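K.L.:
Protein chains in written order, with our numbering: chain A, 7 to 183; chain B, 276 to 587.
Just so you know, these hints were derived from the structure itself, not from any lab. Computed from a predicted model, the values in this text were never measured in an experiment. No false leads were slipped in.
Only pairs whose alpha carbons sit at most 20 Å apart, straight line, appear in this in silico EDC-like list of lysine to aspartate or glutamate:
| hint | chain 1 | residue 1 | chain 2 | residue 2 |
| --- | --- | --- | --- | --- |
| 1 | B | 314 | A | 82 |
| 2 | B | 578 | A | 84 |
| 3 | B | 281 | A | 82 |
| 4 | B | 343 | A | 81 |
| 5 | A | 167 | A | 13 |
| 6 | B | 313 | A | 81 |
| 7 | B | 314 | A | 101 |
| 8 | B | 578 | B | 293 |
| 9 | B | 578 | A | 85 |
| 10 | B | 343 | A | 125 |
| 11 | A | 18 | A | 169 |
| 12 | B | 376 | A | 85 |
| 13 | B | 578 | A | 81 |
| 14 | B | 314 | A | 81 |
If you only want the chain B side, here are some residues facing chain A, beta carbon under 10 Å, derived:
| hint | residue |
| --- | --- |
| 15 | 277 |
| 16 | 299 |
| 17 | 314 |
| 18 | 315 |
| 19 | 345 |
Cβ coordinates follow ideal geometry from the N, Cα and C atoms, glycine included.
As a plain string of letters, each chain reads:
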Amino acid sequence: MSDIVLDSKSFKSAVNKISKEISDNNKNIHEVAIIGIQSKGVFLAKRILAEIAKLAGIGMSRIPFGTLDITLYRDDLDDLSSKIPVIKDTVIPFDTNRKNIILIDDVIYTGRTVRAALDVLMDFGRPKSVQLAVLIDRGFRELPIEAKYVGIRYQSEELVKVECKETDGVDRVTFIK
Amino acid sequence: MSLNCKDLLGLEHLDKKDLQTILNSVGPFKSLFTRSVKKVPTLVGKTVVTLFYEPSTRTRNSFEIAAKRLSADVVNVAVNTSSIVKGESLIDTGKTLEAMKADYLIIRHSLAGAPDILARNLNASIINAGDGFHEHPTQGLLDLYTMYEKKKKIEGLRVLLVGDILHSRVAKSNIWAMIKMGAEIAVVGPPTLIPSNIEDLGVKVYYDLNEAIKKVDVVNILRIQLERQQENLFPSVHEYVELYQVTKERLAMARPGVLIMHPGPMNRGIEISSDVADSPNAVINEQVTNGIAVRMAVLCLLKPKRKNASSD
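Just chain A, same shape as in the assembly (with noise of 0.2 Å):
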């Protein structure tokens, strides 16, 4: 059994509502900043950059963007000695000293993966904010982490699969029971 809690329509709004949010937000839009948490929220941060670019009117090259890995950050390696998952690109290739830094994944479940993406920009200098925006928050935190946009609730301890077109083929999110 599984529910679609996001089709390609529903996904795509979801996007936008998210993007409005931090637009209304962030009216300095030379402040901002977006780095995406690898892997599905890289290709979400892409949308979003795309979105707010078009909502304050200038080219997407303006608004700096980065993508992070929290692999070598995470907190439970002692238990996956048995599998490191696979590293990838962490590039911040600008100052993160006061910007307004737009964190994007595409899930928060325990808050965990936050904590370390923190700990990986904190160590790349001292951003004015940090903003946090997930596509969907699915509850059950372990760690006193909230999102400041998000673009669905859906309290679920259920397995939930984000699928995007850049690597699926369609734009949809799934909790599978």
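Mind docking chain B on chain A? Use the hints.
P.N.:
Same frame as chain A, now just chain B:
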């Protein structure tokens, strides 16, 4: 992405898949070096001990920097001032270090097989940093990675090892790795410095450098161990220079863009001419940088026996 072993004793025991796993995972570690904070918390709380029974500066320092950039605590055992001079056995030394909760033991020893003995007797992860004339796996891996990074492939590359193959653990580790990855490997040097059965490994043997160097993609020059000169393995340093020094003129016969490698420390003017050592094709300093990234990858990829692991 992990190796299925607790220890890294040699490249002879790794298969092609393992080697490829290591090659694929070095890049992210290397990319850390361009950050202002080069340290990541991956091995925080872990203890790495270096136990070097033979002199070394670059390998030991490289491991120390690698471990520190992963946030591990590093202890360097000074063999000359330790209980080892009082006659403590290798296994007892290892057990003592393990009782101090060492998670990784990095050992260099003049006897081939010393790291294997520790690996069999200890739960800590053992990394061989050079044992006798046997292997120096992390050097082999950093050579492999440097070629892979520069040439974007290993398969089909023509690699020439020049010099003292007999006493070189670097050569042995290189040969094991390159052959598994599909490179064509040849060695050249004075007959007294070439092991008699080396062809059995699938290596081509030359005694004439001018012939061997033709159309190669990589020249990996080994250090002439001048301390062995008294064993009369070659008549004179002067003759060695005449016959086996890698010079600009000789390199003209190699393929364009030939990579010049040397594991260090270099004897300029002996196995390598000074202009070759400083030429744009030389990647000798990059080998040193890559060495740190490769050792970080190895430290992360080994699968230590940990107390709370479910398999225990």
